[in-house]
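Engineer: Residues per chain are reported as follows:
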Amino acid sequence: MPRVTRRGLFRGAGSAAAALVFPAAGLSKAHPRAPGEGDARRAVEFAVNGAPHRLDVEPCRTLAEVIREDLELTGTKVVCDRASCGACTVLLDGRAVFSCHLLAAQADGGSVVTIEGLSEGETLHPLQQAFIEFDAAQCGFCTPGMIVALRAALDRNPRATAGEIRRSIAGNLCRCAAYDHIVAAALSVARGT
Amino acid sequence: MLHCVVVRSRIARGRVASIDGAAAQRVPGVRLILTPWNFPSMPEERSPEGEIVHRRAPIAGDVRFVGDEIAAVVAETAAAAERAANLLVIEYETSPAVIEPEDSLKPGAPPLTAAGNLVGGKAEVYERGDLRAGESEAELVLERAYSTEVQHHNPLEPHCCVAVWQRGVLTLFDSNQGVHAVKDHLVARLGLPENRVRVVNEYVGGGFGSKNRSKPYHYIAAAAAKMTGRPVRLWTDRRDEFIASRHRAKSRHRLRGGVKKDGTLTFLFHETIGQDGADRLLAGGAAGSGVTERLYRCPNVRTEVLQVHTNTQSPVVFRGPLAAEETFCLEQFVDELAHLAGIDPLEFRLRNFAEVDQVSGKPYSSKGLRRCYESGAQRFGWRWRAPGSVRDGVMRRGIGVGSAILGDLDYEPSLVCVGWNADGTATVTAGVSDIGTGVEQVLVQIAAEELGIGLAEVTLVMGDSLATPYSIDSSYGSRTTMLVGPAVRAAAADARSQILAVAAKRWNVAAEDLVISESVISSRYDPTRRAPVRDVARAEGREQIAAVGKRHAAMPGVAIANFAAHFVEVAVDADTGQVRVLRAVCAHECGRWINPLLVESQIQGGFVQGMGMALFEERSMDRRNGMMLNDNMLSYFVPTARDAPEEHVVIDAGSPDPSNTINAKGIGEPPLVAAGGAIANAVYNAIGARVRAYPITPDKVLNALGSVRAD
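Protein chains in written order, with my numbering: chain A, 1 to 193; chain B, 1001 to 1711.
This is chain B alone, in the form it adopts within the complex:
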């Protein structure tokens, strides 16, 4: 096996003029150096509509951001590859770059695409009602600006793969969130038949949205393996994870809104500018997610979303993409409106409660947000008090509330296979990967319950694009359980029917009379008719009983979304500006909790990631040359065990959802999305001053307190 190290651009914009590999070549063990001039050309790629898709080659000479792939070294050892990579002499032709979103639209800014720097050439606008009428009806009006910064996924397992070609089949052992998604992209870009690409990945050491798609490293590894005729391992080191694995976009927000004196919203205007990087190669978009349109009842709403190109990494989805940014800002703004009107922020939210989907007018399949507010408030002991009123020496204590709406699921195909083994155990085959959510356990539970046998008697085979059916493209969007779960249930139900039909025939009874429970088939009416499933299966010999299940159609006439309300208490040190989250109560509604331990893990984990985004995490970048300054885990602050709240309560405020056959909704993302507003509002309550720029770092807190010392 060979080892591949990717070489990345040090400039933000321009071209690679030359690469001199003479010294690198002489490093013992070097087998191949890939450059823009010898990287194999990729076949022409076409969209599903038949249009040619233009993409930068995985290794190319045009450079769009610091970190862009420009070469690769393949050697017998990783150390040799690294050594050789450092010996490459690279000459650039540097062009003026645009680093900050504010600079992107200034006159004279270099155009980064043929169509300029504004994605789509104009803002994306949503409007309902009459904003001007809403403004004139308002008795109190407020306008504020907020911002969020880049958040890096930083999964502990980096992006990495082993690529091997054997007998015309490309196999990739990879770290990704969906083997079928990555396989689909490889097939499209490499022009290979689907039966000649195999992506293998069962368990993932974290993804959070960064590993949903194919990325340049897949193609570099595949090319290196093809050209050397040997398996190639490509491992991304932590610095490259920071500078090239993509991230949550930076965003700038302007909110303007008005209420009547009783707190009823009359209008909301939300302008967002999202930083979209140099192209839309991987972008899930950089801004705008429909939260302002949906979270509250408001007849007059306008949102404008602009996404601008800069010479930085283009963003990729990160747990609650766009929704987290939008909600963190909207929930602070709503809090400010509440204070302007002199109303308890919780009461304000309840007064503007949206019963039905504000955009489509449809009722929700289930909406337990009111219960989230009420049960969360009760468990927390919510009693609103004036900001800055609770002090303990230098510490200031504050409470805050924040809410979230996220997700929906229209129809998506999902196919699962369930087969009885000859001894009455069962195998479920599904094309999913477990990214840490425990979906493997959830699907086994569903199958076991439906089949009537024990958990230990069911095995889930997953994560191999050639050996599993298409159950999902990739795990994102808080939807894996509600998409794949019903398909598992359908397949298991069919398998159960089939084996009951076999038993019914043998016993000369109606199949409807029989049930399976605790691995025993028995008749409802005749207690003498009973036998272990094992015996019935074994009697079939090698006539295996197997079934295929599909995900059913979407429920018509309803909107589906997940809701949450978080209540947080913080302590702010007025001397240092440090914010500690003391306790949190997270009330969620997400349909049936199929596995309560796993749901609790998602809520607690998502909250802490949201806390990271709200208080600690940001990219520090040199504006002159577009280089990241804190590209390591010591100076990019991922929350530690000492940052997580010591008291963290989770509440199930939902009810079984009728829109699918397992009555579940989604839980992966809402906990992150609801956290930030609650924390920021608690900080305001603690110190009586608002920090509108996330992350709420100590310097900003001290600034807000008006006590920054000049050093």
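The following block holds chain A by itself, in its conformation from the complex:
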């Protein structure tokens, strides 16, 4: 059986160019973007989870796209791409933002934290640990954005009440509706229990 992994496909391994309808002309294999794609790139610098990055991006690309595709941090999810569900929530300079609704260029000079940045090595962030203990993730797709939003809320208000917690995640949709366990998990962290 051929050894193919989805991650390998995203990196460009495993593609065999043959019998294309419109032959690729002058396409650089090293860089996946086609020539003439969009406007001229510009350099953008921001830290992600503490590590500095310098990227050349087209101005039209969103922060979510760049995080996922260029930096391969796929914890952040794109669901609605319209700032209407919260799945793409990351921290930018400590504030929870919808990364699908920000251009990568708007993060220039800033500091981004994604879900991957919450744990330290093998040690989970208390919120991540609480999510496990309270079964606060069902399908898990809203979970990265949800935890990041909660982290921002608890950073600002460490002793948040259940009502304040609910308000802080009003913009994070969970279709599985795991809200009761999500709030319980966050509350346990707020109460230090």
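FYI, nobody ran anything at the bench for these hints, they're computed from the structure. One thing to keep in mind: the hints can contain errors.
Claimed, not checked - Here are a few chain B residues that face chain A, going by a calculated C-beta distance under 10 Å:
(1) Ala1078
(2) Val1204
(3) Asn1421
(4) His1552
(5) Ala1554
(6) Gly1557
(7) Leu1598
(8) Gly1605
(9) Val1608
(10) Met1611
(11) Leu1634
(12) Val1638
(13) Glu1646
To be verified - Computed footprint of chain A on chain B, listed as stretches where at least three residues anywhere in the stretch have a Cβ under 8 Å from a Cβ of chain A:
(14) 1428-1437
(15) 1656-1667
Stated by the list, open to error - Some chain B residues near chain A, calculated using beta-carbon distances under 10 Å:
(16) Gly1205
(17) Asn1508
(18) Ala1510
(19) Gly1606
If you're wondering where the values come from, they're calculated on a predicted model, not measured in any experiment. No residue lacks a Cβ here, since even glycine has one placed at the ideal position from N, Cα and C.
Fit chain B to the known structure of chain A by using the hints.
Structural biologist: Positioned in the frame of chain A, the structure of chain B alone reads:
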């Protein structure tokens, strides 16, 4: 890897006359444009009975609803594909369309199939007893109409896949609820041998019924990958999820029933009209699920179900399909009968309690509904009061009860493998995917307990149709645990017996004398005979000990179903019409709770989805052209953290069920199904007026209160 964007029809009915791709072709990075004229022809498909199955091609020129697939663009980047898709010049020949179910059967309505617009040509009828006799015995008679609207699954992870052909094998990394189901469909439609199709999917970002089968996008991605010779990624954006991923059907209900003065039901009549879309490509049916026949004891029952074709998406199962629609309406009607008779709605339900299956006459393997009612009522503090009697300024408070019956499981095959590793850990291989229910955890628990080792020592390999046996087609119907769990238990039991036989031989004792507990094999009778499982396994070297387990036969002579009773308190703002669910007590009986945290998650989550269907969610459609107006997550209202009840109690009112070897039943769907009636009945209790059209939105509440202001 290439990116594929699907192009969808903007008209509701007609044909694509032409597609001009000249401008699209010139977008840098475009590699392929698929149209109805160059989409590869599919082999003839035959049903298991050998009949030719006629299906619309995945990309075709005939259009049946706004959103139907008519072209696809494949490019080096998603942005290029989108840009090119927008540059396609498409000409249509538009035909008159039928949008609403009411229009479908009117004289002069265009026929959407050769057999007309009524599926099957006639209503599906169930009848028992004598309806006329029941009506004449009734001392109080009521007739009411209700309705439910379209509910969109809206899983956060959209439908998406990556298709790649390598050395004659088609691999699909996909988001679905069952790798074997999707693989089966691909094999049937593409005419490929089963060993040359591989569907990979372990964890799913939500499905709720929308991802049980293959859909046109699978075939579009596979064709694009074949024609370009490169892997192709196809991702559905949120708008396309709304207009083309299918949904719960809209339904219209007419209920007529009668009781004696003491509240005993004498007859029930339930007519349902379900909107079935333009064909039955994916339909799990649009109406009728046997709730009216089964939920209460009633000697005279007739149900008539009509399903009608319209130029809209055909529905697909959504958590409690048909049952939710039917129950939401029946439970309001039963409440109305109770009030007509002047009886507490809870007491009314208990008076009409069905001990055995009302259709087959068989006893249930277990039925804890009475305990659901009683324990739920006690925990809730149920004390019935007159409608509209509890006010707090502008707020009106109300309480309501609703119940549910759902599901059964006849025999279905399920095969699971369990193997000891050389170090005493174990691997379970099962062809399931975890759609968010935590079934992975449940199956690991069952295996670990049976094997006598720790949870961390068991790994479940799942979600790969070439690497796992057929354990289930797809996860739906609240049955994965009770179908696959016993197969896991059987395989683990066999693996345990085998390793005990090895140890018995080595120690020269009878295998029956030995047990495994906490990863140690020991003799019941001789305490010196003990060794870690690890040592026994290691001594076998590479002679791996492995077992296969099958799901046992169905238990004969019983009916199997899951039951629930929900008690809800709402607050209704009489000025704005907004309804808030303040608290809910959900009492369920579903056999053994193998993992209580996971069961609680399903109950709470299902309740909130039912609340969404009851209060917020609906499709708003332009009747003239069949276009969805709220095709986004801002104007289609999925419940948020602030909508979910702040107090949400869950009760286990069941008992271990004897119909399978893990004593479990199902829990995925009943929580949604029981929620709507309870909420609607609470709204009535709050304001003293009934809203019979779901979702119970503020405008309908204000209408019911008679205080809609003309603006």
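Engineer: Take the hints in turn and mark each one as holding or not.
Structural biologist: Quick rundown of the hints versus the structure:
At a threshold of 10 Å, the smallest CB-CB gap from Ala1078 of chain B to chain A is about 9 Å, leaving the interface hint in force. This hint holds: Val1204 of chain B has a C-beta 6 Å from the nearest C-beta of chain A, less than the 10 Å allowed. The closest approach between the C-beta of Asn1421 of chain B and any C-beta of chain A is roughly 22 Å, which is over the 10 Å cut-off, so the hint fails. Using the Cβ-Cβ criterion of 10 Å, the hint placing His1552 of chain B at the interface with chain A is not satisfied: the shortest such distance is roughly 29 Å.
For the restraint placing Ala1554 of chain B at the interface with chain A, the shortest Cβ-Cβ distance is roughly 29 Å, beyond the 10 Å limit, so the hint is violated. The interface hint given for Gly1557 of chain B is violated, since its Cβ lies 36 Å from the closest Cβ of chain A, which is over the 10 Å cut-off. Annotation: Leu1598 of chain B was flagged as interfacial toward chain A, and the flag holds, the nearest CB pair being 6 Å apart, inside 10 Å. Hint status for Gly1605 of chain B: holds, given a least beta-carbon distance of 4 Å to chain A, under 10 Å.
The closest approach between the C-beta of Val1608 of chain B and any C-beta of chain A is roughly 3 Å, which is under the 10 Å cut-off, so the hint is satisfied. Evaluation of the Met1611 of chain B hint against chain A yields a held restraint, the C-beta minimum of about 8 Å falling below 10 Å. The beta carbon of Leu1634 of chain B is positioned within 10 Å of a beta carbon in chain A (closest approach about 4 Å), and the interface hint is therefore held. Because the smallest distance between the Cβ of Val1638 of chain B and any Cβ of chain A comes to about 5 Å, under 10 Å, the interface hint for this residue holds.
Interface hint at Glu1646 of chain B: satisfied, since its Cβ lies 7 Å from the closest Cβ of chain A, which is below the 10 Å cut-off. Closer than 8 Å: that is the beta-carbon criterion, and the stretch 1428-1437 of chain B has 3 residues meeting it against chain A, so the requirement of 3 holds. Coverage of the stretch 1656-1667 of chain B by chain A is violated [criterion: at least 3 residues with CB-CB distance below 8 Å; count 0]. Given the 10 Å rule on beta carbons, the hint for Gly1205 of chain B holds: about 3 Å separates it from the nearest Cβ of chain A.
Interface restraint check for Asn1508 of chain B: the shortest CB-CB distance to chain A comes to about 44 Å, outside 10 Å, so the restraint is violated. Among the interface hints, the one on Ala1510 of chain B is violated; its C-beta lies about 42 Å from the nearest C-beta in chain A, farther than the 10 Å criterion. The closest approach between the C-beta of Gly1606 of chain B and any C-beta of chain A is roughly 8 Å, which is under the 10 Å cut-off, so the hint is satisfied.
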